[in-house]
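Q: Can you build the whole structure from these sequences, using the hints too?
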Amino acid sequence: MAERTGDQTTPHTAATDGGTHTLGLLYPPSGRNREYTTMQLAFVGGIAEAATPYGYDLLLSPGDSHDDPLFLRMIGDRRVDGVIVMEIRREDDRVERLAEAGFPFVAIGRNHRADMADWVDLDFAGLAGGCVQHLADLGHTRIAFVNRSEQLFNSGYGFARLGDEGYTEAMKKLLLTPRAYLCGDDLASGEEVVERILRDDPATTALVTQNEAALEGIYRGLTRHGQSVPRDFSVVGVAATPWAEQVSPPLTAAEIPAKEMSRVAVELMMRRLRSPGSPPRHVLLKPLITLRASTGRCRSDPGSEPEPEFPDFGLDF
Amino acid sequence: MVTYDLGDGYCGCSIDVATVTVSPDGVVTGWSEGARRLLGHHAREVVGRAAADLLLGREVPEAVGSTFTASRGWSGTAGLRHRDGHRVEVTLHAHPSLGGDGTPQGFVVIVTTGPAESERDRRMVEWAFAQSSIALSVHPTASPSGQLDVAAESGERGAGVGGVGGEHAPETGSGPYEAADADEGFLRCVRQVAEEGTPMRYERPAPEPSSAPATTATPDAARHRAWIIELWPVRDPATGEVVGVGTAAFDSADQHSARERLALLQEAGACVGTTLNVTRTAQELADLAVPRLADFASLDLLDSVLRGEEPVPGPVDAAVVLRRVAHQSSAEGTDVPEAAVDLGAIDTYPPFSPPARCLTGGRPVLSGVDDPDFARWIAGDERRTARVEEYGFHSVMATPLRARGITLGVAVFARTAASPPFEQDDLILAEELAGRAAVGVDNARRYTRERTNALTLQRSLLPRDFPKQAAVEVAHRYLPAGTGAGVGGDWFDVVPLSGTRVALVVGDVVGHGIHASATMGRLRTAVRTLADVDLPPDELLTHLDDLVIHLTSDDASAEGRIRDDTGEIGATCLYAVYDPVSRVCTMASAGHVPPVVLLPDGTVSVVRLSPGPLLGVGGLPFEATELELPEGSLLAFCTDGLIEARDRDIGLGLERLCEALASPVPSLDATCDAILQALLPESPADDVALLLARTRALHADQVAAWYLPSDPAIVADARAQASRQLAAWGLEDAAFVTELVVSELVTNAIRYGAVPIGLRLIRDRALICEVSDASSTAPHLRRARTYDEGGRGLHMVAQLTQGWGTRQTPMGKTIWAEQPLPAG
Numbered sequence: 001m002a003e004r005t006g007d008q009t010t011p012h013t014a015a016t017d018g019g020t021h022t023l024g025l026l027y028p029p030s031g032r033n034r035e036y037t038t039m040q041l042a043f044v045g046g047i048a049e050a051a052t053p054y055g056y057d058l059l060l061s062p063g064d065s066h067d068d069p070l071f072l073r074m075i076g077d078r079r080v081d082g083v084i085v086m087e088i089r090r091e092d093d094r095v096e097r098l099a100e101a102g103f104p105f106v107a108i109g110r111n112h113r114a115d116m117a118d119w120v121d122l123d124f125a126g127l128a129g130g131c132v133q134h135l136a137d138l139g140h141t142r143i144a145f146v147n148r149s150e151q152l153f154n155s156g157y158g159f160a161r162l163g164d165e166g167y168t169e170a171m172k173k174l175l176l177t178p179r180a181y182l183c184g185d186d187l188a189s190g191e192e193v194v195e196r197i198l199r200d201d202p203a204t205t206a207l208v209t210q211n212e213a214a215l216e217g218i219y220r221g222l223t224r225h226g227q228s229v230p231r232d233f234s235v236v237g238v239a240a241t242p243w244a245e246q247v248s249p250p251l252t253a254a255e256i257p258a259k260e261m262s263r264v265a266v267e268l269m270m271r272r273l274r275s276p277g278s279p280p281r282h283v284l285l286k287p288l289i290t291l292r293a294s295t296g297r298c299r300s301d302p303g304s305e306p307e308p309e310f311p312d313f314g315l316d317f
Numbered sequence: 001m002v003t004y005d006l007g008d009g010y011c012g013c014s015i016d017v018a019t020v021t022v023s024p025d026g027v028v029t030g031w032s033e034g035a036r037r038l039l040g041h042h043a044r045e046v047v048g049r050a051a052a053d054l055l056l057g058r059e060v061p062e063a064v065g066s067t068f069t070a071s072r073g074w075s076g077t078a079g080l081r082h083r084d085g086h087r088v089e090v091t092l093h094a095h096p097s098l099g100g101d102g103t104p105q106g107f108v109v110i111v112t113t114g115p116a117e118s119e120r121d122r123r124m125v126e127w128a129f130a131q132s133s134i135a136l137s138v139h140p141t142a143s144p145s146g147q148l149d150v151a152a153e154s155g156e157r158g159a160g161v162g163g164v165g166g167e168h169a170p171e172t173g174s175g176p177y178e179a180a181d182a183d184e185g186f187l188r189c190v191r192q193v194a195e196e197g198t199p200m201r202y203e204r205p206a207p208e209p210s211s212a213p214a215t216t217a218t219p220d221a222a223r224h225r226a227w228i229i230e231l232w233p234v235r236d237p238a239t240g241e242v243v244g245v246g247t248a249a250f251d252s253a254d255q256h257s258a259r260e261r262l263a264l265l266q267e268a269g270a271c272v273g274t275t276l277n278v279t280r281t282a283q284e285l286a287d288l289a290v291p292r293l294a295d296f297a298s299l300d301l302l303d304s305v306l307r308g309e310e311p312v313p314g315p316v317d318a319a320v321v322l323r324r325v326a327h328q329s330s331a332e333g334t335d336v337p338e339a340a341v342d343l344g345a346i347d348t349y350p351p352f353s354p355p356a357r358c359l360t361g362g363r364p365v366l367s368g369v370d371d372p373d374f375a376r377w378i379a380g381d382e383r384r385t386a387r388v389e390e391y392g393f394h395s396v397m398a399t400p401l402r403a404r405g406i407t408l409g410v411a412v413f414a415r416t417a418a419s420p421p422f423e424q425d426d427l428i429l430a431e432e433l434a435g436r437a438a439v440g441v442d443n444a445r446r447y448t449r450e451r452t453n454a455l456t457l458q459r460s461l462l463p464r465d466f467p468k469q470a471a472v473e474v475a476h477r478y479l480p481a482g483t484g485a486g487v488g489g490d491w492f493d494v495v496p497l498s499g500t501r502v503a504l505v506v507g508d509v510v511g512h513g514i515h516a517s518a519t520m521g522r523l524r525t526a527v528r529t530l531a532d533v534d535l536p537p538d539e540l541l542t543h544l545d546d547l548v549i550h551l552t553s554d555d556a557s558a559e560g561r562i563r564d565d566t567g568e569i570g571a572t573c574l575y576a577v578y579d580p581v582s583r584v585c586t587m588a589s590a591g592h593v594p595p596v597v598l599l600p601d602g603t604v605s606v607v608r609l610s611p612g613p614l615l616g617v618g619g620l621p622f623e624a625t626e627l628e629l630p631e632g633s634l635l636a637f638c639t640d641g642l643i644e645a646r647d648r649d650i651g652l653g654l655e656r657l658c659e660a661l662a663s664p665v666p667s668l669d670a671t672c673d674a675i676l677q678a679l680l681p682e683s684p685a686d687d688v689a690l691l692l693a694r695t696r697a698l699h700a701d702q703v704a705a706w707y708l709p710s711d712p713a714i715v716a717d718a719r720a721q722a723s724r725q726l727a728a729w730g731l732e733d734a735a736f737v738t739e740l741v742v743s744e745l746v747t748n749a750i751r752y753g754a755v756p757i758g759l760r761l762i763r764d765r766a767l768i769c770e771v772s773d774a775s776s777t778a779p780h781l782r783r784a785r786t787y788d789e790g791g792r793g794l795h796m797v798a799q800l801t802q803g804w805g806t807r808q809t810p811m812g813k814t815i816w817a818e819q820p821l822p823a824g
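Quick note, the sequences are listed as chains A and B, same order.
Counting from 1, one number per residue, gives the positions in the first sequence under my numbering.
Counting from 1, one number per residue, gives the positions in the second sequence under my numbering.
To be clear, the hints were calculated from the coordinates, so they are not data collected in a lab.
Some hints could be false.
Here are the simulated lysine to aspartate or glutamate pairs, DMTMM-like style, with alpha carbons at most 25 Å apart [to be verified]:
1) A:Lys172 to B:Asp711
2) A:Lys259 to B:Glu732
3) A:Lys259 to B:Glu659
4) A:Lys173 to B:Asp701
5) A:Lys259 to A:Glu100
6) A:Lys259 to B:Glu739
7) A:Lys259 to B:Asp733
8) A:Lys172 to A:Asp201
Interface residues of chain A toward chain B, partial, derived using beta-carbon atoms under 8 Å [said to hold, decoys possible]:
9) Asp137
10) Leu288
11) Ile289
Since the model is a prediction, treat every value here as computed from it, not as a measurement.
Quick reminder that beta carbons are idealized off the backbone N, C-alpha and C, glycines included.
A: Printed below as a string of structure tokens:
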């Protein structure tokens, strides 16, 4: 992991002060019908597991606003020693409230407000840049970027913007032309964005997507254009939830290290509780891109392909 | 040769015979017509005159007892006066004619012409007859009794020296006629000669050697009683009438035994070496030699000979260890109580023992009780001592079994107390016999070796147990051709490759027999080697093609090779690599029958791939075909022997293979059997190889792969990522080594390789760590010198893992290292 800053905190079995030995986890279910997704459950499980060695229990609050009664009880009655906040929005009143109250908290994810507190997050910019590098290594030069929806992008300081920055920077560093597209979080938008990309540059051979919800549509659009993944067209995701494996072909993307992030979050919280006055620590994780089956060597643009070291003696005579 | 009287006197023996009677006082009283013809005087002129008047010069005849007064007869020579005055030299035989009182009344004088020496000659003839080294006899044709009496006999042993008039002298018991008289065959011959008047030869065979030693008192006699008897008619020269039969008997013992030996040798040629079995051949010699040559025979061979190996040429060193292969004795039953060594047992012969001496010298050795070494040898072994004492072995011959300059073992012949000692001739015979047996044993040994080789070759050429691998589940069958050819040129193979992949090979060398088999073996090894280099299928076939071209030219240039074919090696091969991670099967064919695939959904089809040129054609490209297979697909590879038959073409055969494959059967083995049953002709003309493979797949939870940017800073991340993955797999124990391996390989890839760089971990039967990059330069394991900074990484990897290697990929290369999974 890159840019790890937090020092290792040795787990110890019990806090010495008269605390509650309970941590609060603010994690609203975001799935359909307000169900927890596999990824969310992985975080919940991961945090509970990481807290146990320190002798801490976990109190889960599914509320997503500061009005949530459980959240209010947690803070007001001091039923927990500290709070781990997830699903950080750009403007997040939960974070505002916590910061105002001076309540110890650690964020998984970040916004400008959270910067004053401890957080652990994925390096979306770095990941997007890594995706570009991966495609460039495979010989791709015309690489598009599919971001989240315009609304999400405009909401500010989120991974959508970070990803875009990382992509653009990496492309520029490689002296390539960045072409970023915003795309709705649905199947139809995915198809539509492929339409736009290939209209703008028919020679496009690869794209980096930060939008998993549109992935199915992207594949469909490529198929409709006679582009086979990964033979003709490579697709790489910035960060993938487990279902990236279930599309066909499985998406090459960095996996979100839920367990790792959970562990770091609990470590940061322990440190915060032990020394409340210490400066905030920020941990940025940059997992490796997991190779699955959606990327391949660039073949449709031989002009831009680097010369192989040895001439290829083709047998087509 | 012999004359003898048929009646009274010598009448008819000579025409110049005169008979004169003379009174005791010397007066001629009778004058015969013969006397008139001889001397010219008529009876009236001579009778009454003194006989002495006829003498020329009145000289006294030179004769013993030349007086008419004696009552004995006498003989002598004298010169008589012819009527016309000339001198006639005559021989006189005077026989007294006695009166009743025993006094001579007169003399009958027989006057014959010719010198007196003739009488001496006649006597000499008689003496010669009597003293002849050849047994002679005469038989009168018509004896009054009607029996063939022996009129005269002679013989070397002094037997039958009866002279003319022939009385039987007592014999020592070994004369030819004694037994011959009782021999109906001989008598018949005598009669035949007498009747037909033509000479004959009668052979009286020696009596069969007796196996019971007690029956013959003198063993020598028992062995040497063989005679050849010449018979001829004796004619009266005057009348031409057959008056008797003359016989001459030759002792043919030597000739007989020579012929016996010849017969034994001839029989050895026919009876020894009837099979190509070492032990059987040895036993045949032992059986033949007993009892005709010896009372006991044994054959010991070098152990290497029995194993069919090549013994050291030349004589064997002293103190040889030999294995008893065969023995025989004249004892009743199948047991050989005389043997001091059991069949199949090992015995050591001390250097001074006759068998060891004959091996050392390479020459047969004759030995016996008079040989101190023999006694020493026998005394050295308790069992042997007992046997020699019990059976009275007194004479032995040891002959090396040598063939084509190689010593194979030793044959020992022995005689018991009942038989005479071996002679020099026996030794020669034994040597000759041993020589023949040795050739037979050597043939058998060579055959054993060849056959062992062929079987070993065949066994080694075809796989029996495939190495464990997880990529496919396999079942296979190999059936040799139904007609005698035995080994064939079909083969199949399953080769585990790095990264849990597996190569499936099936091939066919045209033709049958050891040549096809050997070629197949070479190709199979070549394929294994090339597979180990991890060449992609099309490239592998290109290399194999080159190899076949080289083999063909090598074979063609090999001098003296039997050109039973055009010298070309016709071979086909199908090479497929299945990767359980990607579930892709890459195949290339060199003129081979395409495989058939049964998908899990039940659809079955012939894999469409470019058939490719036959191996050995050269110059034409092979084409690889990729096939993505769902997990649990069933691939069927076979050779044309299965699907091609006289009554159908390949297309139909493949169709039937598809049908047979599609019918649901519980296990792969059962499927193999079902396919063979459905497709195989009664007596397959070609050998058949069938290989079935059901694909497995490695799931996402067994494989993890990451992209690595070419940035040295990423090494730590890669290490951490690998470690996390191992934790997820519950393989924390392997983390230390894996992190080291990842560090080394990733660092190397970043430093020397080319982008893109990938890291892959596979958890299967082993934990495999792979780092791939786009550079095709393969790393070498080199020995780092003391102060070298580099060059240690791969050493470390090699030390820490159970195997590492590199393979070329379409994208560059992959370096892999394998660790055993922690137990449990």
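Q: Hints first: check each against the structure and report whether it holds.
A: Hints and how they fare:
1. A:Lys172 to B:Asp711: Between A:Lys172 and B:Asp711 the Cα gap is close to 18 Å, so the pair holds against 25 Å.
2. A:Lys259 to B:Glu732: 16 Å, holds
3. A:Lys259 to B:Glu659: Distance ~52 Å between A:Lys259 and B:Glu659 Cα, so the pair is violated.
4. A:Lys173 to B:Asp701: 36 Å, violated
5. A:Lys259 to A:Glu100: 29 Å, violated
6. A:Lys259 to B:Glu739: 20 Å, holds
7. A:Lys259 to B:Asp733: The hint holds at about 20 Å.
8. A:Lys172 to A:Asp201: 18 Å, holds
9. Asp137: 4 Å, holds
10. Leu288: Since the shortest Cβ distance to chain B is 4 Å, the answer is holds.
11. Ile289: 4 Å, holds
Violation of the numbered hints given earlier is confined to hints 3, 4 and 5; the remaining hints are satisfied by the structure.
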